[in-house]
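Participant: Given only the sequences and the hints, what does the whole structure look like? Please build it.
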Amino acid sequence: MAGSVQSLEEEKAMWQQVEESLRGSMGRVFTKIATLLPGILAFVLVLIIFLVIAWLAAMIVRRVLIAVRFDEHTISGASTLTEWTPAYTPTILVTRIVFWSFVTVGVLVGVSAFEAASAESGLSAYVFAYLPRVIGAAVLLFFGTVIGRFLSRSVLISAVNMNLQYARLLAAGVRWLVFVLTAAMVLDHLAIGGEIVDLAFGILFGGIVLALALAVGLGSRDLVSRSLEREANRPVESQVEEKLHHF
Amino acid sequence: MPKSDLAQEANAEIQQAGEVDLLVGISGAVNAEALQQQASALLDGLRKSSGVSRIMIAYPESGKVEAANSDLVPYPLAASGPVNFPWVVSSIALKAICSLALDLNAKVCVALQADLLMLSAERVQMLTGPVLEKQCDLVLPVYPSRKFGGLLNHSILAPLVRALYGQRVRYPLAQDIGCSPGMFQKLSVPVRSREHGDGALMWPSVVAAISNYKTCQVNVDAHHSTQTEGLELSAVLANVAGAAFTEMETYAPYWQRVRGSHPTATSGNIDQQITGGEPVDAKPLIDSFILGSRNLQEVWGLVLPPATLLELRKLARSAPESFRMPDELWARIVYDFALAYRLRTINRGHLMGALTPLYLGWVASYVQEMAARSPLAAEQRFEQLARTYEEAKPYLVSRWRWPDRFNP
Numbered sequence: 027m028a029g030s031v032q033s034l035e036e037e038k039a040m041w042q043q044v045e046e047s048l049r050g051s052m053g054r055v056f057t058k059i060a061t062l063l064p065g066i067l068a069f070v071l072v073l074i075i076f077l078v079i080a081w082l083a084a085m086i087v088r089r090v091l092i093a094v095r096f097d098e099h100t101i102s103g104a105s106t107l108t109e110w111t112p113a114y115t116p117t118i119l120v121t122r123i124v125f126w127s128f129v130t131v132g133v134l135v136g137v138s139a140f141e142a143a144s145a146e147s148g149l150s151a152y153v154f155a156y157l158p159r160v161i162g163a164a165v166l167l168f169f170g171t172v173i174g175r176f177l178s179r180s181v182l183i184s185a186v187n188m189n190l191q192y193a194r195l196l197a198a199g200v201r202w203l204v205f206v207l208t209a210a211m212v213l214d215h216l217a218i219g220g221e222i223v224d225l226a227f228g229i230l231f232g233g234i235v236l237a238l239a240l241a242v243g244l245g246s247r248d249l250v251s252r253s254l255e256r257e258a259n260r261p262v263e264s265q266v267e268e269k270l271h272h273f
Numbered sequence: 538m539p540k541s542d543l544a545q546e547a548n549a550e551i552q553q554a555g556e557v558d559l560l561v562g563i564s565g566a567v568n569a570e571a572l573q574q575q576a577s578a579l580l581d582g583l584r585k586s587s588g589v590s591r592i593m594i595a596y597p598e599s600g601k602v603e604a605a606n607s608d609l610v611p612y613p614l615a616a617s618g619p620v621n622f623p624w625v626v627s628s629i630a631l632k633a634i635c636s637l638a639l640d641l642n643a644k645v646c647v648a649l650q651a652d653l654l655m656l657s658a659e660r661v662q663m664l665t666g667p668v669l670e671k672q673c674d675l676v677l678p679v680y681p682s683r684k685f686g687g688l689l690n691h692s693i694l695a696p697l698v699r700a701l702y703g704q705r706v707r708y709p710l711a712q713d714i715g716c717s718p719g720m721f722q723k724l725s726v727p728v729r730s731r732e733h734g735d736g737a738l739m740w741p742s743v744v745a746a747i748s749n750y751k752t753c754q755v756n757v758d759a760h761h762s763t764q765t766e767g768l769e770l771s772a773v774l775a776n777v778a779g780a781a782f783t784e785m786e787t788y789a790p791y792w793q794r795v796r797g798s799h800p801t802a803t804s805g806n807i808d809q810q811i812t813g814g815e816p817v818d819a820k821p822l823i824d825s826f827i828l829g830s831r832n833l834q835e836v837w838g839l840v841l842p843p844a845t846l847l848e849l850r851k852l853a854r855s856a857p858e859s860f861r862m863p864d865e866l867w868a869r870i871v872y873d874f875a876l877a878y879r880l881r882t883i884n885r886g887h888l889m890g891a892l893t894p895l896y897l898g899w900v901a902s903y904v905q906e907m908a909a910r911s912p913l914a915a916e917q918r919f920e921q922l923a924r925t926y927e928e929a930k931p932y933l934v935s936r937w938r939w940p941d942r943f944n945p
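Protein sequence lines correspond, in order, to chains A and B.
Residues are numbered in the working numbering as their position in the first sequence, beginning at 1, plus a constant of 26.
Residues are numbered in the working numbering as their position in the second sequence, beginning at 1, plus a constant of 537.
Think of the hints as simulated: they come from the structure by calculation, not from any bench.
One or more hints might be untrue.
What the hints assert, rightly or not - Now the stretches of chain B that chain A is said to cover, found in silico as 3 or more residues with beta-carbon under 8 Å: (1) 568-574; (2) 646-659; (3) 824-837; (4) 888-894.
Said to hold, decoys possible - Pairwise CB distance ranges, derived in the manner of DEER restraints: (5) A/I161 <-> B/N621: 42 to 48 Å; (6) A/V70 <-> B/E865: 55 to 61 Å; (7) B/E865 <-> A/R256: 36 to 42 Å; (8) A/L216 <-> B/A615: 47 to 53 Å; (9) A/I161 <-> B/A789: 54 to 60 Å; (10) B/Y932 <-> A/V172: 56 to 62 Å.
As the list claims (entries may be wrong) - With the Cβ distance kept under 8 Å, some of the chain B side facing chain A (calculated, not the full set): (11) L689; (12) I747; (13) N749.
Every residue, glycine too, gets a C-beta built ideally from N, C-alpha and C.
Facilitator: Shown next, in the form of structure tokens:
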């Protein structure tokens with residue numbers, strides 16, 4: 027009888043402790059949220075304001091550049107960028123740079139506001155230190171995409187003009203090779219993933235190259251043997267070629 | 538011999554020469570022995586028959602020709618870039634020859650291809666006669682060609698020059714020409730566009746049209762050898778058609794005002810200039826077109842309007858025996874590519890590469906149509922194609938002036 031009363035009391039004390047620790051941790055969490063909430067609201071508010079400013083600035087810049095015929099002056103001069111990114115006129119590129127610059131500034135201001143409002147120290151210093159990496163990664167991604175698309179199209183058109191039936195496959199292979207290489211460089215630049223990224227890239231890149239080599243090698247066995255036959259019979263073939271003159 | 542010594546020697550020889558009546562220029566590296574042999578015969582023949590006394594022959598300075606003959610004078614020939622297309626070398630040489638003619642105060646200047654096929658008194662007189670006697674400013678040759686020869690010229694260059702500049706010339710990019718002092722003064726001036734460098738093509742017929750100079754043609758019996766051996770078709774097409782599109786961009790204010798075309802006075806022995814040819818198998822050409830159609834729809838879609846793409850898809854699905862590309866379709870394709878070239882819709886190298894399967898489709902269609910027909914029918918066919926280019930010109934002008942309204 028006394029033993030069961032004691033165990034009941036111990037059980038009751040245990041549940042009281044559980045209740046107290048739950049109440050305590052919930053209190054701490056809500057206190058933390060209450061501490062952070064003004065900072066989060068400040069961040070969201072600053073971001074919205076800077077999004078509006080970015081949109082207005084981009085609109086003004088676009089109108090000014092169209093009015094001064096910026097595209098015509100730029101295209102008639104150095105045309106390398108438009109040759110490589112013909113879908114993006116210089117005006118569109120400048121407008122987007124202006125827009126995203128304001129958004130980036132807004133994010134930085136928002137982070138500072140969050141830090142100030144929530145009394146969290148060191149956050150903005152960390153973000154500011156990471157910013158150059160993000161910009162570098164964005165530049166790498168942009169150029170990697172442009173180069174990948176350009177090379178892919180070059181390979182496609184050249185392969186079609188060489189009467190290669192697997193032109194599309196070659197072009198896709200080249201594009202993915204460049205994209206994978208770019209993605210690996212971007213992740214490495216952002217210091218994300220570490221050695222896992224290096225290893226995954228090596229396996230993927232090597233796998234793509236191997237797959238392409240097998241596809242081209244196995245798939246073109248007949249083509250190679252036909253080409254060799256044609257080479258052996260060349261004197262007859264060359265007479266047929268001379269019947270048609272393009273120039 | 539060092540280059541600076543050559544240039545000084547050339548200048549000294551030019552100053553010694555004084556003024557000449559006729560300057561014959563060889564546009565391209567020349568066989569020294571053959572030049573020496575033919576030069577003496579040419580000079581004697583010309584002095585006897587035409588009465589022209591002061592004649593000079595200009596050749597590219599390379600230190601290989603020993604100028605034993607005082608009537609031979611070297612001229613500096615600039616490099617043509619990494620790929621030596623023969624017509625590019627000729628264009629660079631033509632500019633240098635015309636500059637030399639200006640320095641020598643020549644009454645008439647003749648530029649000849651480096652194979653020296655035209656270097657005879659009779660043939661040179663055919664190019665100088667209209668200049669001296671009929672007040673022509675530019676004399677272009679009409680070479681004999683086969684039914685299946687010079688297709689790039691007959692399908693794109695000649696009809697384009699006719700429709701745009703109103704000049705009915707058979708070979709607008711001929712490398713043997715005769716010109717008057719006014720004409721060689723124009724040809725010695727560097728081309729306007731900033732994009733043109735030493736590798737730019739010279740279009741004498743276009744320059745004559747722009748300057749309102751008189752152009753004549755003369756039938757010559759000279760069979761120049763094929764110049765595109767060892768060169769890829771896509772590279773040739775890109776270079777030649779690309780140069781034509783660049784000229785369009787340069788002279789847009791002029792050709793948009795031109796309406797119709799006028800015949801060009803042609804002299805010489807008018808025997809049949811197009812001879813027969815053995816039938817050509819069109820299947821490889823059709824296969825190339827179909828391969829292009831299957832793989833390049835995305836690229837063609839950036840350049841050609843939906844109606845044209847639909848017609849091309851129908852053509853790709855048609856039976857090989859009934860494979861026929863209508864002239865209207867081909868003319869519109871060339872005009873759309875010219876516009877895309879100007880607007881840089883896609884990279885220019887890619888654009889011209891994407892034109893190759895379409896050109897092969899036209900060739901396949903032509904080859905099948907002309908297989909059993911006579912050379913006269915081929916001449917009429919080319920005339921019909923040229924008229925179609927003229928009729929489709931309003932389409933080009935509208936798209937050129939308002940590209941945004943017709944974006945595919």
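Participant: Now look at each hint and say whether the structure bears it out.
Facilitator: These are the hints, each one checked on the structure:
no.	hint	in the structure
1	568-574	violated (count 0)
2	646-659	violated (count 0)
3	824-837	holds (count 7)
4	888-894	holds (count 4)
5	A/I161 <-> B/N621: 42 to 48 Å	45 Å, holds
6	A/V70 <-> B/E865: 55 to 61 Å	60 Å, holds
7	B/E865 <-> A/R256: 36 to 42 Å	37 Å, holds
8	A/L216 <-> B/A615: 47 to 53 Å	50 Å, holds
9	A/I161 <-> B/A789: 54 to 60 Å	42 Å, violated
10	B/Y932 <-> A/V172: 56 to 62 Å	33 Å, violated
11	L689	5 Å, holds
12	I747	21 Å, violated
13	N749	28 Å, violated
Of the numbered hints given earlier, the model fails hints 1, 2, 9, 10, 12, 13; all others are met.
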